Amino acid sequence: MAKRNKKNLKREKKLIVPQASCELTHFHIPMIMVKYSIAICFILVILMTGFFLNYRQVVSAAHANKDELEFLRKNNNDQIGKIEQLVQDTNRLQSDMERLNSLDVELRRILANDNGTSTSRAGLTRPSENYTDRGRTQIQQDINTIHSTVNDLQVAIKEREQSLIELKEELLKKQAQLGARPSIWPAVGEVTSRFGWRGAPTGRGSDYHPGIDIANHIGTPIVATANGTVIFSDWYSGYGKLIQIDHGNGIVTLYGHNSQILVHDGQVVKRGELIAYLGNTGYSTGPHVHYEIRVDGTAVNPANFLN
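Just so we're aligned: 1255 in the working numbering is position 113 of the sequence shown, and the numbers increase by one with no gaps anywhere.
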């Protein structure tokens, strides 16, 4: 009995709590629950780590996409600006072509050659100049339109160049014809004898005068009446000191009775160039220049050429 009482006293000592207000609670956690908890925590750590790494990758990709998008936007704006500039340049080029077309037609009209223009001005369409906020497909369509217009302009330019070359040749030919036409007076003075039949200078009968006589003081300048080549410059019978100039197209001019000759055979002369001085050589009744125009060897009235 005494030993049992001692055990009870020991037990009672273990159960005595200094403060009556505190209660002792005993929990029993199974070992499997602890293992599950640790496993769940480990899985959560792995998931959080994966989420964090994935988040960083997503954020990095988003920044990269943002930079790329900004680059593409800037590049797209630059392309739009270049396209707009190309449109303006193309429109200016087409305007220049239209002015060239008008000039070509006007020049040919002046030359009485209206049918000479072969370049077609049809089919050249101006591209649109509005490229703001366009989509990629629309921009590509506009670029294709510009390329098509540029190709048309390139073809038109080649045709216009050929047309202008032909026009230049026609103008040079016309200029040569005009320059070779003896249309100015050879000397200043008074016309004392005209072309055609006249009373003979000797006072006996009449004779045929193949040119006109222009009287003035000896030494008066005599000029070539058109561009040409000197084919004779010497004394010739009744003409005295004579100059003959071939102007092409069968036209030859003669200047007779000179006091001094200033050109030589084979010399190329221009309209208005000094070639001799007026005189009284050969068969002459006074100081004058005998001026004569021959077409295909036949003397014609100089009045038909003189301005």
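FYI, nobody ran anything at the bench for these hints, they're computed from the structure.
Here the structure is a predicted model, which is why all the values come from computation and not from measurement.
Accuracy of the hints is not assured; some may be wrong.
[To be verified] Pairwise CB distance ranges (calculated):
#, residue 1, residue 2, range
1, G1392, R1340, 51 to 59 Å
2, E1248, I1326, 24 to 32 Å
3, N1293, N1446, 52 to 60 Å
4, Q1230, G1192, 23 to 31 Å
5, H1406, V1247, 42 to 50 Å
6, G1414, E1240, 33 to 41 Å
7, L1214, Y1178, 19 to 27 Å
8, Q1230, F1193, 53 to 61 Å
[To be verified] Derived pair list, reagent style BS3-like, types lysine-lysine, alpha-carbon separation capped at 30 Å:
#, residue 1, residue 2
9, K1300, K1315
10, K1300, K1316
11, K1315, K1224
12, K1310, K1412
13, K1224, K1208
14, K1412, K1315
Yeah, the Cβ is synthetic: ideal placement off N, Cα and C, and Gly gets one too.
Hint numbers contradicted by this structure:
Violated: hints 1, 4, 7, 11.
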